[in-house]
Amino acid sequence: MIRLAGLLLALVILGFIFLYTQINIEKKIQPVEVSIPSGMTISEVGKLLEENKIIKSRFLFVLYSKIRGGFPKSGYYRFEGNLSIKDVWEKLYKGEERLFRFTIIPGDDLIDIGEKLEKKGFLPKETFYSYVFNKENVKKFGLKGSSFEGYFPPETYYLRKDTDIQQIIKSFLKIFNKRYQPVLKHTNGLSDYEVMIIASLVEKETSIPEEKPIIAGIIIKRLKLGMKLQIDPTVIYALKLQGKWNGKLGKKDMEINSPYNTYLKSGLPPTPISSFTLQTLKSVIHYKETDFLYFFSKDGRRHIFSKTYKDHLKNIKK
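The sequence shown begins at 1 in our numbering and counts up one residue at a time.
None of these hints come from the bench; they were simulated from the model. Hints should not be assumed to be uniformly reliable.
[What the hints assert, rightly or not] Derived pair list, reagent style DSS-like, types lysine-lysine, alpha-carbon separation capped at 27 Å:
| # | residue 1 | residue 2 |
| --- | --- | --- |
| 1 | K116 | K248 |
| 2 | K47 | K91 |
| 3 | K170 | K185 |
[Unchecked claim] Each pair of labels, with its calculated beta carbon distance range:
| # | residue 1 | residue 2 | range |
| --- | --- | --- | --- |
| 4 | F59 | Y93 | 49 to 57 Å |
| 5 | E210 | K139 | 36 to 44 Å |
| 6 | G39 | T156 | 56 to 64 Å |
For glycine and all other residues, C-beta sits at the position ideal for the given N, C-alpha and C.
Start from the sequences and build out the full structure, keeping to the hints where you can.
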């Protein structure tokens, strides 16, 4: 009886030694990416890994998982190099997913962002649009406005693939809450949302730092005088929202019926019209008061400023 017990103990020890050896043997893995959906069983994960030649034995993977008592996290993973079953399991258990670069540039609007997300394979643009242009979703995050326009800062983000829309929104808003919200607490007599709207207009008008506070000042001055803003990018945004933007702004486009058309409607647009940098936001808060009321660009970059409409027309003719 004692001999039998000793034999069983020896077999158990040998079994553990064998298992320890097998799960620690490294295997050369060619670069491969796999998506592990939520709800997969350990056995299904093992099968997926085995089929993609990431591990040699799904049985050992499942056995090791049961011994460890953990469960792989769903997500998008990349494997390459010399890895053992233990290495693969640890990567999945810790959720060390592959993250992908995604960049929003200054002046990108929600339509631009949606197109980029689809092109990069994150999610269909229509899924994005249906969420970000829904006022109720904006309210869920305690934000103002009828869309998320203006809340997604220009930045390079690192996002998961096979993720849901809310996780993407949270990634964008994390930067806004951390960097932009503190600045919006000091808005110099304007509401924080008004500052955001004006910042988007300034962003679309100029990329030159010294011009930004001047143009912000002109916009604010025009608002105080009750003048229409007459800003071309607002018309372009209106056209984009209605699917009518073809890359060229014509005279007929200026007649588009939209609350964003500042040639027809007085005051600010109902929401921002694009993303904007922190520098642009600060230039609105610390806007520059001048005698100017008009401006235009002859080269698409630098602007010529005028005090009167008569001088404005003269400058255009020159």
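A quick look at each hint next to the structure:
no., hint, verdict
1, K116 / K248, "holds, 21 Å"
2, K47 / K91, "holds, 17 Å"
3, K170 / K185, "holds, 21 Å"
4, F59 / Y93: 49 to 57 Å, "violated, 18 Å"
5, E210 / K139: 36 to 44 Å, "holds, 38 Å"
6, G39 / T156: 56 to 64 Å, "violated, 32 Å"
The structure does not agree with the numbered hints 4 and 6 stated previously, though it agrees with the rest.
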